[in-house]
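Protein chains in written order, with this note's numbering: chain U, 1 to 468; chain E, 1 to 468; chain Z, 1 to 468.
Hints are not guaranteed to be accurate.
It does not matter which identical chain is used: a pair holds within one copy or between any two.
Within a straight-line C-alpha distance of at most 25 Å, the following computed SDA-like cross-link-like pairs (lysine to any residue) qualify [to be verified]:
{"#": "1", "residue 1": "Lys365", "residue 2": "Ala145"}
{"#": "2", "residue 1": "Lys365", "residue 2": "Asp218"}
{"#": "3", "residue 1": "Lys442", "residue 2": "Ala293"}
{"#": "4", "residue 1": "Lys56", "residue 2": "Glu350"}
{"#": "5", "residue 1": "Lys56", "residue 2": "Glu37"}
{"#": "6", "residue 1": "Lys99", "residue 2": "Pro382"}
{"#": "7", "residue 1": "Lys289", "residue 2": "Leu453"}
{"#": "8", "residue 1": "Lys393", "residue 2": "Glu321"}
{"#": "9", "residue 1": "Lys168", "residue 2": "Asp423"}
{"#": "10", "residue 1": "Lys434", "residue 2": "Asp33"}
{"#": "11", "residue 1": "Lys442", "residue 2": "Arg371"}
{"#": "12", "residue 1": "Lys289", "residue 2": "Pro122"}
{"#": "13", "residue 1": "Lys204", "residue 2": "Lys298"}
{"#": "14", "residue 1": "Lys99", "residue 2": "Asn383"}
{"#": "15", "residue 1": "Lys398", "residue 2": "Gly359"}
{"#": "16", "residue 1": "Lys99", "residue 2": "Pro122"}
{"#": "17", "residue 1": "Lys179", "residue 2": "Lys204"}
{"#": "18", "residue 1": "Lys434", "residue 2": "Gln276"}
{"#": "19", "residue 1": "Lys365", "residue 2": "Ser39"}
{"#": "20", "residue 1": "Lys56", "residue 2": "Gly34"}
{"#": "21", "residue 1": "Lys289", "residue 2": "Arg50"}
{"#": "22", "residue 1": "Lys398", "residue 2": "Glu321"}
Derived from the structure by calculation, the hints contain no laboratory data. In this text, all values refer to a predicted model and were calculated from it rather than measured experimentally.
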Amino acid sequence: MAKKRSSPAALRHVTSINDLSKDEVERLFREADGILETSADPHAPHRVARTGDGAKGFILGALFYEPSTRTRLSFETAMLRLGGATISSADPATSSAAKGESLADTVRVASNYADILVLRHPRDGAARLAAEYASVPVINGGDGAHEHPTQTLCDLYTLRRQQPRKFKDLNVAVSGDLKGSRTIHSFVYALARFGANIVLMPAKGMGLPDHVFERLRDEFNCEIASGRAAGGNVSAVDALYVTPNRPHQLSLIANTEIEVRDEADRIDVVYVTRFQKERWKEAKQEYPKIDRAFLKDKRYANTRILHPLPRVGELDTSLDEDERAVYFEQAAYGVVVRMALISLMLGVGEQSELARHDGGFGASKWPVYDRPPGTGLSCANPNCIVHDELERKHCRDKFHLVEGPKLRCVYCETDTHEFVAADTRSHRFHSTGKDTWESLTKALPSLIFYPTLDAAAAAGYSPRRRAV
Amino acid sequence: MAKKRSSPAALRHVTSINDLSKDEVERLFREADGILETSADPHAPHRVARTGDGAKGFILGALFYEPSTRTRLSFETAMLRLGGATISSADPATSSAAKGESLADTVRVASNYADILVLRHPRDGAARLAAEYASVPVINGGDGAHEHPTQTLCDLYTLRRQQPRKFKDLNVAVSGDLKGSRTIHSFVYALARFGANIVLMPAKGMGLPDHVFERLRDEFNCEIASGRAAGGNVSAVDALYVTPNRPHQLSLIANTEIEVRDEADRIDVVYVTRFQKERWKEAKQEYPKIDRAFLKDKRYANTRILHPLPRVGELDTSLDEDERAVYFEQAAYGVVVRMALISLMLGVGEQSELARHDGGFGASKWPVYDRPPGTGLSCANPNCIVHDELERKHCRDKFHLVEGPKLRCVYCETDTHEFVAADTRSHRFHSTGKDTWESLTKALPSLIFYPTLDAAAAAGYSPRRRAV
Amino acid sequence: MAKKRSSPAALRHVTSINDLSKDEVERLFREADGILETSADPHAPHRVARTGDGAKGFILGALFYEPSTRTRLSFETAMLRLGGATISSADPATSSAAKGESLADTVRVASNYADILVLRHPRDGAARLAAEYASVPVINGGDGAHEHPTQTLCDLYTLRRQQPRKFKDLNVAVSGDLKGSRTIHSFVYALARFGANIVLMPAKGMGLPDHVFERLRDEFNCEIASGRAAGGNVSAVDALYVTPNRPHQLSLIANTEIEVRDEADRIDVVYVTRFQKERWKEAKQEYPKIDRAFLKDKRYANTRILHPLPRVGELDTSLDEDERAVYFEQAAYGVVVRMALISLMLGVGEQSELARHDGGFGASKWPVYDRPPGTGLSCANPNCIVHDELERKHCRDKFHLVEGPKLRCVYCETDTHEFVAADTRSHRFHSTGKDTWESLTKALPSLIFYPTLDAAAAAGYSPRRRAV
């Protein structure tokens, strides 16, 4: 007895920075510009000081399963400045989750309250799951180590306000913990997408993970170079050049000494990330600290210092009065950027609203593998939302089949390289390592993926062409 | 020096579903219908999508001494959708109670802030105590195991929207933990009041308590029948038939096998309750699970599945797409029902406002016994608000003298059957077991009740007519 | 590279009751009177029942690093009643501080969200630090044991509504814990400033601290008398008479038996303070309890009982219906007083707005000593915000050089009497104990203060005139 729901309007979620097209990001930034033009504080041009009524009658619901005063207050402020109202669940301990309710159920219920939802959750991919069950637009306010797209929008907008020329060929250094920081990963993909060059200044042992390098190279046309920086106090500097129309000529070599290109000597932006004390127990003294001494090198003469805040020591307070420091402006832009995003998602802005889609997301360029939980392969990331006991029954094993070929979890975007494809028609599995993306794509409707040959064999499949 | 307060306006509280007359409930539902007619989401007719301004300028104060994201957010949403504003204390740990302030004092102070208060509290009867001290209307948002009247209103309204014919003769099955669930007790009383028949499907050992049966029989004219269900997976099914104009013919026999009436074979509604993990440690497997298999029996062909949510396993997710499942609609109706209630309590709705009374409650049909704390008998329920150390000095020992005779706590409505009545004029106590409700009612002004003969004797009373 | 900030508008903070001039306080009270005149509940003239739109479009941000439902809700109510909106961080555990962010950074960020900030913090002097970093007005909602100025305003306003004649010559008794209560200290300074007499009824061992006596005497022209009360149940009663135009004739003698002046026999007001269970572990029975028996003495015939609430036993509930009890009215006035303050700070009231200043505070009559942290002397109060590890790098060692001479911490106002002044020009230190306020003031720009001679010597200074 299938349910005849009144067909919901097509809608639009934003759970990853990649959910927004370049054109949509530009439109969003124009919306933000327009808001600042009419509503900025005359004494602080980055601060929205006037309240409009574009979102009057709308309610924003903030569902925070993880503490984050800053993000929550900036979303609430954005909604209030648009003339809307807010309801908030700020504390995991007082939430329905404490009673054992699944995120999927909570989101379905909250969809009846709010007109737009913001989710912060400790699990990677939680925002995507929430979006699958919501009947109103969902914004990802940070999901585990996965994404924090409004922070990335805010970072990009700060760059654009600081460097009006354009993103293209901007040299942006990213410093600190490049390994586990979700803001950094979203940020570098976005930089690459907009054509900026990326200079890497990782803390020791905190370099960009291989999968990020790989994705920058394969999907964002980045060319990787490495070398010791001229004037930095950091052991190794690597740069990524965005080369949209060239084949990949350089291999991926990180942390190796080669000459830095001249061009890299001008650093337009240094993006500093937080020292995460929970991740970095012993070697605090080795975490790079950005201070006046660091910035004395002439390559930083006209740089801009960004930081997503909060900071805990990696950014010296002596810089606060330095005119290259723009991190407090950056924090302020968080309001106007979120106002612009909410406006375009609700369709109440000056710019035309974001495209709506059935299901809330635009079509992917990759085909989707979609099987009930426990059928075959599950996401390899143990922190992925699909592994949450409460959510398991609401998730399926869903992957994008990405060129490589590799399987990218639809929720947390973790890539799986090693897998075995079994064909439900032939009851045989494909020859691992020999399948091309094209062949898998063609057979996808009848395929089940397994993590290993043994797992596929245990499920009753035999090799494809056993001695034919 | 008695205080000459400016006489407060008569006002109106709702701390129990029974505080509302049938006519008031009907008026409230018409108000809700009216709101949905003008403000429902065109894609989800159970969801309020537009914000009015009926409650503009009013403030709703949510005082939550127990976590409940869902209830709090639905009240806040309701007030915002009416154009009002909200203030909330969501977390017991950051509340005044943590500093040792009594609920009575907090409510008096909060009455100066908000125009209407919603209280959630872990103690039975807390809402009634709060109402005694508030100078603005109080809504019970759940007090211990006592009542959760807006949930009950929401449940009834969902029935009415699903079964437009009428409540009378509707066969409503209630499943799961019928023992400790406050929503179930309020719900069955309300069903009986509106003439619906109640079919019981308790989890093993989780049947409806005797005092609820007794009250259904004595005060709500229910006739009790028992039997094994035709197609259910539950061990015993009992039904309660509402017989307004007939004397009670059947005795109260629960969990016994007799024939189920034919009529009961059509189950119009299955109301499923949450598996409360804190109450049900070992035998999880025995808790009834409502799923597609269960619903295959033809008596459920046109049933509607309700659940107050959150669910934790007793309701299979496979039903979510089944058109008999209406629990998410039910959750959505929580907003419009609360909008209607707030509107009628503030007098800002289309329907005429709820009657106001001195003291906030309509006159009871039972006389009230009211003595300072510690005089004689106290409420037998250890979780009653009168036993809270902080509140003791703000409560009196107050009981309704109910036909039986029995004493019903004015706060938590727990009944006491065994008690000794001592007469302050004659200094004798009445003959226990021989006092009629009428004789006690007549003597009430001079009576003090004691829990036992010994207690009465210790207080200096002697038997009434010792060998006259 | 000094930062060219767009020059911020002059603004105005209120972190201490002393930040407000007597004229400003009177203006604020007139504003409150005006609000009550037009918006009071007809049934409760101390309660604001109508919502205006003076602050429409403004956002109040409540940053609470310590739980306080009452204060937070009264501020939120005040802002909502003015037609504004609110954002709140109510729970320390979910705040940015949990991630290691400094208050200074949080306030700078929050200044981009809200138009006016309220801070509650466990550290003394935190509000002043916040004000130094905020670009919007800051209101102190209670900082450690330092100040709670809006409570004091509320107390004073309650007096004025109850005793319309005037503050001058009013006899105000303060009872209970006079030692550690911030509200009492702010309150007695304010009483003295407005010319009221103060009668002390401390709990045993909980008398007003010496530094408060000293300041009352030296800066608020108080004359101190002592004696045993005629009819109180408290062991000692001391009175402070405000003698604006007379030299100090009596020495500071507390807790000694002398005759109480006749005039003191009329107690216009008894201000009761909370029994703080965390401070007062064993001797609960000795804490003075104000009840009907206490008030039977004829000196209390026309008294008014005030209490900042919450109470936990020191104020008997039997008084609640006594017409001398005004503590619930006092709590209600909290809303209108905060409405008036917000209105005058934002400049949206009927009365003219509070004067704005560069830096947010009016000029002090005392010169300021200001050195980087660690240079010389630091505040002697271990709970001062300057000693918070996270804030240290944002604070300097700042003191007002007050007549005495003594050093008063700019943040927490703790006085330091013993210190050594070292002169950076002569490399000698002044003769301790012989320096006058005038000589130190003159030399201040070149002085560094040290806690001891040894500390000054260790820093390379030698005695001023060693055997010249």
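Here's how the hints hold up against the structure:
no.	hint	in the structure
1	Lys365 / Ala145	within (24 Å within a copy, 53 Å between copies)
2	Lys365 / Asp218	within (14 Å within a copy, 68 Å between copies)
3	Lys442 / Ala293	neither (58 Å within a copy, 37 Å between copies)
4	Lys56 / Glu350	both (15 Å within a copy, 23 Å between copies)
5	Lys56 / Glu37	both (20 Å within a copy, 20 Å between copies)
6	Lys99 / Pro382	both (23 Å within a copy, 24 Å between copies)
7	Lys289 / Leu453	neither (48 Å within a copy, 37 Å between copies)
8	Lys393 / Glu321	between (52 Å within a copy, 14 Å between copies)
9	Lys168 / Asp423	neither (45 Å within a copy, 57 Å between copies)
10	Lys434 / Asp33	neither (51 Å within a copy, 63 Å between copies)
11	Lys442 / Arg371	within (17 Å within a copy, 73 Å between copies)
12	Lys289 / Pro122	neither (28 Å within a copy, 30 Å between copies)
13	Lys204 / Lys298	within (24 Å within a copy, 68 Å between copies)
14	Lys99 / Asn383	both (21 Å within a copy, 21 Å between copies)
15	Lys398 / Gly359	within (15 Å within a copy, 57 Å between copies)
16	Lys99 / Pro122	both (17 Å within a copy, 15 Å between copies)
17	Lys179 / Lys204	within (10 Å within a copy, 52 Å between copies)
18	Lys434 / Gln276	neither (42 Å within a copy, 52 Å between copies)
19	Lys365 / Ser39	neither (39 Å within a copy, 39 Å between copies)
20	Lys56 / Gly34	both (18 Å within a copy, 22 Å between copies)
21	Lys289 / Arg50	neither (37 Å within a copy, 51 Å between copies)
22	Lys398 / Glu321	between (49 Å within a copy, 20 Å between copies)
Hint compliance for this structure: hints 3, 7, 9, 10, 12, 18, 19 and 21 are broken, all remaining hints hold.
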